[in-house]
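With chain A held as given, fit chain B onto it using these hints.
Keeping their order, the protein sequence lines are chains A and B.
First residue of the first sequence? That's 70 in our numbering, and the numbers climb one at a time after it.
First residue of the second sequence? That's 5 in our numbering, and the numbers climb one at a time after it.
Every clue listed holds true.
Chain A side only, calculated, beta carbon under 7 Å to chain B, not exhaustive: (1) 128; (2) 129; (3) 150; (4) 156; (5) 173; (6) 177.
Estimated spans, in silico, between C-beta atoms of each pair: (7) 13(B) with 196(A): 21 to 31 Å; (8) 203(B) with 140(A): 34 to 44 Å; (9) 8(B) with 207(A): 25 to 35 Å; (10) 21(B) with 209(A): 26 to 36 Å; (11) 167(B) with 77(A): 46 to 56 Å; (12) 239(A) with 218(B): 40 to 50 Å; (13) 16(B) with 83(A): 42 to 52 Å; (14) 242(A) with 167(B): 52 to 62 Å.
Rough simulated footprint, nothing fancy, chain A against chain B, three-plus residues with beta-carbon under 8 Å: (15) 12–22; (16) 83–92.
Since the hints were derived computationally from the structure, they do not count as laboratory data.
Note that the Cβ used here is the ideal one computed from N, Cα and C, for glycine as well.
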Amino acid sequence: MTPATPATPLLEARALSFHRQDEPVFGPLDFRLDAGELTLIEGDNGSGKTTLMRILTGLLRPEEGELLWRGEPLSWDRCSGEVVFLGHQLGLKSELSPRENLRFAIGLHGSREHSQVDDALARVGLAGFENEPVRKLSAGQKKRVALARLLLIPAALWLLDEPYANLDRTGIELVNGLLEAHIAHGGAALVTSHGAVQFHGGEPQRIRLHD
Amino acid sequence: MAVLRRDLTLAWRQRGDMVLPVLYALIVTSLFPFALGPEDALLRRIAGGVVLVTMLLAMLLALDAMFRSDIEDGSLEQLMLAPQPLALMLGMKILAHWLATAVPLIVIAPLLAGMLHLPSPVIPVLLLALLLATPLLSLVGGVLVALTAGTRRSGMLLALMLLPLCVPVVIFAAGALAAAQEGLPWIAPIAWLGAALVMAVVLAPLACAAALRIALDS
Chain A
70 MTPATPATPL
80 LEARALSFHR
90 QDEPVFGPLD
100 FRLDAGELTL
110 IEGDNGSGKT
120 TLMRILTGLL
130 RPEEGELLWR
140 GEPLSWDRCS
150 GEVVFLGHQL
160 GLKSELSPRE
170 NLRFAIGLHG
180 SREHSQVDDA
190 LARVGLAGFE
200 NEPVRKLSAG
210 QKKRVALARL
220 LLIPAALWLL
230 DEPYANLDRT
240 GIELVNGLLE
250 AHIAHGGAAL
260 VTSHGAVQFH
270 GGEPQRIRLH
280 D
Chain B
5 MAVLRRDLTL
15 AWRQRGDMVL
25 PVLYALIVTS
35 LFPFALGPED
45 ALLRRIAGGV
55 VLVTMLLAML
65 LALDAMFRSD
75 IEDGSLEQLM
85 LAPQPLALML
95 GMKILAHWLA
105 TAVPLIVIAP
115 LLAGMLHLPS
125 PVIPVLLLAL
135 LLATPLLSLV
145 GGVLVALTAG
155 TRRSGMLLAL
165 MLLPLCVPVV
175 IFAAGALAAA
185 QEGLPWIAPI
195 AWLGAALVMA
205 VVLAPLACAA
215 ALRIALDS
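With the rest of the complex left out, here is chain B:
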């Protein structure tokens, strides 16, 4: 709990950094109509996918920094020596990171979807998909950030490793959106996302802890 409170305080102190992903998502989605032409039917068809991919890419911007400052200033060593399970504390760090980066994005998602004429009945499905997909990405990303923590220029490696793991998330989330747009039942892909999220919540902090111990053991 102390970790969660501290990280949220830190995020609030550096709220300029929180604005960047939001701004990025805003710019990217508003460029699409300019590039593709303001055709209603076309935009309506691609709106869901564009918003989804933009959100996930915007999250990647901040992912790299999840543990960096803690490693640099020695806070991570102090966490490791604390008499509490490291996995739990890292889980809290990931939660704080998700709250600080993904929640602002989810808040503006309906606005972006509206800009691209996504039919309004689909917007709740979009939000649900984002609520499941973004924490999944934070958790999986956290493990990868922890794995690459010891290496220099980890950004490149991180992007390469994250790509194959992003693909199923995008497929299921976009599948739910497409189904909802055509009035078909969309619950199955959402359920898959939910199942993956549950698994990640349990396993990712443990993997993160193990990876960071290895990263610092050098």
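Next comes chain A alone, as it looks inside the complex:
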């Protein structure tokens, strides 16, 4: 553990561990995340990266250990509105267009100042696809629609579960660009990956999960 700093960290885990039917999935883990920090969660398939993510969103309860959000125990109602979660299931309605999906997300979460749905779609390289139903898009394009949500919704913490999956080279650069901008604006992010990620904006903190 780092020596105590005056500011309370955005997110702090103390001896966090999780078991599924008495089999340990991961842990105990200790880490802290401050505003303006990026943390990579690394681990092989089945090492519990997604489970950890779901715990951090408050959708799953950890069995042992503590999770503190701004110094207080984390629960879904305390951090809602400050966390954006992008998981394997993108949360897009396949019958609706990217534009409609993003409008709905804004309706739920509110929107950042000066952000426009069409600008965000252009930024992720989907100009011209605004009105196509999402089911007609490719897996990578769907991912990009979900990434556009990150641009539109205000949040202090991004939880990105495998954001690079299904993306091509420009898509990976896009994710890195989004992360760098988010960090530069004082946001924090937790990103899971298999470990093959190049990040340019300084050396991120790494959490290693292993079986």
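Frame of chain A; chain B shown alone:
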């Protein structure tokens, strides 16, 4: 509100699914005269009950799907992380579901009742009973769908759990119809339905939210 608008847009995009319960109700009610014989007096006596039960069964067809697609595509997780009360959003989802499945059924109810020679003065009572009974079923059904959301093959379990809760709804609605048909005051059973509906409107979304949180916590 965003939830309501999105779900209604979705229902409209998939309006083929909305037709199915209506078609089902139409087929079932038109089969009754064939099975029982076209005797006016008999049909008149059973018309109210047949239409009522058919409507409720037709609603069950679509009930199972209330939260399924949202769970499958991860939309529900996004709803849970939104800075708004989950119960309110689920209440809106149930309202959208009711508008998309029950309202078309209520619209064709007078037609079906007419086909079975239900006396026309009773038809307003039938509509009133349906207007109270169908949202009640949507709300109670929503809670049960949420409870069974985490399990595989939830359809069977859902039907078993819903049956005992359907019975009082059918009894009160049919009681009002029978009373109206005999020219007796029918307000008491309708009032019971109304009271149950008010209670369900308040409690069902809260129960739904709690049940879905448990379902996803696994």
